[in-house]
Amino acid sequence: MIPTEFEYLRPRSMEEALGLLAQHGPEAKLLAGGHSLLPLMKLRLAAPKYLIDLGGLEQLSYVRDDGPEIAIGAMTPHAEVESSELIRRCCPLLAEAAAEIGDVQVRNRGTMGGSLAHADPGADYPAAILALEAKIKVRSREGERTIEAASFFLDLLTTALQPREIILEVRVARDRERSGAAYVKLHQPASGFAIVGTAARLMLDPKGNCETARIGVTGVGAKAYRAEAVEKALAGKRLTAALLAKASAMAAEGVEPLSDLHASAAYRLAMAEVITKRALEKALDRARGGRR
Amino acid sequence: MKLEGMETVPAAPAAVWSLLNNPEQLARCLPGCEELVAAGKDIYKAKLSVTIAAVSGKYAGSVEIRERVEPSRMRLRIEGRGAPGFITGEGTLELVAKGNETEIRYGGEAQVGGVIAAVGQRMLQGAAKIMVGQFFDAMKKQLAKGA
Chain P
1225 MIPTEFEYLR PRSMEEALGL LAQHGPEAKL LAGGHSLLPL MKLRLAAPKY LIDLGGLEQL
1285 SYVRDDGPEI AIGAMTPHAE VESSELIRRC CPLLAEAAAE IGDVQVRNRG TMGGSLAHAD
1345 PGADYPAAIL ALEAKIKVRS REGERTIEAA SFFLDLLTTA LQPREIILEV RVARDRERSG
1405 AAYVKLHQPA SGFAIVGTAA RLMLDPKGNC ETARIGVTGV GAKAYRAEAV EKALAGKRLT
1465 AALLAKASAM AAEGVEPLSD LHASAAYRLA MAEVITKRAL EKALDRARGG RR
Chain D
256 MKLEGMETVP AAPAAVWSLL NNPEQLARCL PGCEELVAAG KDIYKAKLSV TIAAVSGKYA
316 GSVEIRERVE PSRMRLRIEG RGAPGFITGE GTLELVAKGN ETEIRYGGEA QVGGVIAAVG
376 QRMLQGAAKI MVGQFFDAMK KQLAKGA
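If you're matching them up, the sequences are chains P and D in order.
Numbered according to our numbering, the first sequence spans residues 1225 to 1516.
Numbered according to our numbering, the second sequence spans residues 256 to 402.
Worth flagging that the hints you see were computed from the coordinates, not collected in a lab.
None of these values were measured; they are calculated from a predicted model.
Treat the hints with care, since some could be wrong.
Calculated cross-link-like contacts (lysine to any residue; reagent style SDA-like; alpha-carbon spacing at most 25 Å) [unchecked claim]: (1) D:Lys257 x D:Ala373; (2) P:Lys1273 x D:Val370; (3) D:Lys395 x P:Ala1384; (4) P:Lys1266 x D:Arg328; (5) D:Lys257 x P:Leu1378; (6) D:Lys384 x P:Lys1431; (7) P:Lys1273 x D:Gly312; (8) D:Lys384 x P:Pro1250; (9) D:Lys313 x P:Glu1251; (10) D:Lys384 x D:Gly295; (11) P:Lys1431 x P:Arg1398; (12) D:Lys384 x P:Ser1488; (13) P:Lys1266 x D:Ala372; (14) D:Lys313 x P:Thr1228; (15) D:Lys257 x P:His1486; (16) P:Lys1266 x D:Val305; (17) D:Lys395 x P:Lys1266; (18) D:Lys257 x P:Gly1258; (19) D:Lys384 x P:Arg1398; (20) D:Lys313 x P:Gly1258; (21) D:Lys313 x P:Pro1387; (22) P:Lys1273 x D:Gly287; (23) P:Lys1266 x D:Ala383.
Extracted from the complex, chain P is given alone in its bound form (with noise of 0.2 Å):
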């Protein structure tokens, strides 16, 4: 249980952090809290040359109100996103899934930006990231881009990040009126991780139907996805119980399910179906003006 021999470097500022990414490349990792690498270094199933603690980049720990928008800092522990009354009132869906992160341990010292960057197929955030439509700047010392969360995470572990871009922040709007935003999870017991986790989000219009649903699902395949099929199943339908359940066994339509000791494919189907009734039921509770 003791890592590799690696030499572990603590920038001060952005500009060196960038620096010292491009100067040890592949042979480098970030570590942003460090509870998925750690474990990962101390198996000896990642033996990186170079340890680059962004720890010391305090400026990159803020939770931010940016107008129509709010931004959260990469090195922003969940702890901090959980209890952020900012959060709270205008993005509760984010709260509600950092809540579910871990332990305790972990989401002091975990981070959005190091969560995001690991991308476990099982980890919390991607699916409320997706459901909020996030968008995730990243910078480079070539200069900064934006991500749209929808084509964030690429495959298992592998997100669009290039190799010596590090996040910068996550924007998501603030919640509208007539919305409403659940995440719904099924853990692992031994180690807290999503075997399905789904995060709903429904925008009602004056009537009271769907305008439009978003729905990210994490756990169920090699990355977080966007439930498209059941999207599209609810947008400008009257919000029937029927039609919930309808939709929700879409909600790993075309998706190629994971299976390992935990939990078989065909069971990750089923919960898949059974999470997302549950998280559009609360969320349209929550959209009709139920306790948030």
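Go by the hints and put chain D onto chain P.
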């Protein structure tokens, strides 16, 4: 762990068959392959350096061709070992002509042990699929060059 699937590559079965039986060409298709050498009749020794995002490791192993029906079918046995664990498995490859292309049907079952099996369980299947994808992408490039 079971793994099966199908992939269509733009070449005739004979060309695919010749690639599969040419260690030099095959080595260029295997993800992270550092070495692939013949070690007897129908046995190859390989060294792979596998990297999927944060997870990386070096593996040494062998591939044995147990049965071959040119140019349509071969049965393989693989063994591999690295610091994080070991893998053994058996599988078949079937080549089916589809016009100018070849449909490759693959299937097999592998036993994985060691740390990687105990801790990496959740990731194994996904990782295997990524590697299979990389293998076929590289194979398509090789075949395109040969054509």
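We went through each hint and held it up to the structure:
1. With a CA separation close to 17 Å, the supplied pair Lys257 (chain D) and Ala373 (chain D) stays within the 25 Å bound.
2. Taken as a hint, the Lys1273 (chain P) and Val370 (chain D) pair is honoured in the structure, with Cα atoms around 21 Å apart against an allowance of 25 Å.
3. For the hint linking Lys395 (chain D) to Ala1384 (chain P), the alpha-carbon distance of about 23 Å falls within 25 Å, and the restraint holds.
4. Restraint check for Lys1266 (chain P) and Arg328 (chain D): not satisfied, since their Cα atoms lie roughly 42 Å apart, outside the 25 Å limit.
5. Taking the CA atoms of Lys257 (chain D) and Leu1378 (chain P), the gap is near 23 Å; set against the 25 Å cutoff, the hint holds.
6. For the suggested pair Lys384 (chain D) and Lys1431 (chain P), the alpha carbons sit about 46 Å apart, so the restraint of at most 25 Å is broken.
7. Proximity of Lys1273 (chain P) to Gly312 (chain D) is assessed by CA-CA distance (about 13 Å); at most 25 Å being required, the pair is judged to hold.
8. The suggested pairing of Lys384 (chain D) with Pro1250 (chain P) holds, with an alpha-carbon distance near 22 Å, which does not exceed 25 Å.
9. Taken as a hint, the Lys313 (chain D) and Glu1251 (chain P) pair is honoured in the structure, with Cα atoms around 14 Å apart against an allowance of 25 Å.
10. Taken as a hint, the Lys384 (chain D) and Gly295 (chain D) pair is broken in the structure, with Cα atoms around 29 Å apart against an allowance of 25 Å.
11. Taking the CA atoms of Lys1431 (chain P) and Arg1398 (chain P), the gap is about 22 Å. The hint holds against a cut of 25 Å.
12. A distance of roughly 16 Å separates the Cα atoms of Lys384 (chain D) and Ser1488 (chain P); the hinted pair therefore holds under the 25 Å criterion.
13. A threshold of 25 Å between alpha carbons decides the hint, and for Lys1266 (chain P) with Ala372 (chain D) the separation of about 15 Å falls inside it, so the pair holds.
14. For the proposed pair Lys313 (chain D) and Thr1228 (chain P), the alpha carbon gap of about 14 Å is at most 25 Å, so the pair holds.
15. Simply put, Lys257 (chain D) and His1486 (chain P) have alpha-carbon atoms about 15 Å apart, close enough for the 25 Å limit, and the pair holds.
16. Among the hinted pairs, Lys1266 (chain P) with Val305 (chain D) is consistent with the structure: their alpha-carbon atoms are about 18 Å apart, no more than 25 Å.
17. At most 25 Å may separate the alpha-carbon atoms for a hinted pair to count; Lys395 (chain D) and Lys1266 (chain P) exceed this at roughly 37 Å.
18. The hinted pair formed by Lys257 (chain D) and Gly1258 (chain P) fails the criterion: a straight-line CA distance of about 31 Å is larger than 25 Å.
19. Using a Cα cut-off of 25 Å, the hinted pair Lys384 (chain D) and Arg1398 (chain P) is violated, with the two alpha carbons roughly 38 Å apart.
20. For a cut-off of 25 Å, the pair hint linking Lys313 (chain D) to Gly1258 (chain P) stands: about 23 Å separates their Cα positions.
21. Simply put, Lys313 (chain D) and Pro1387 (chain P) have alpha-carbon atoms about 21 Å apart, close enough for the 25 Å limit, and the pair holds.
22. Restraint check for Lys1273 (chain P) and Gly287 (chain D): satisfied, since their Cα atoms lie roughly 19 Å apart, inside the 25 Å limit.
23. For the given pair, Lys1266 (chain P) sits about 22 Å from Ala383 (chain D) by alpha-carbon distance, which is consistent with the 25 Å threshold.
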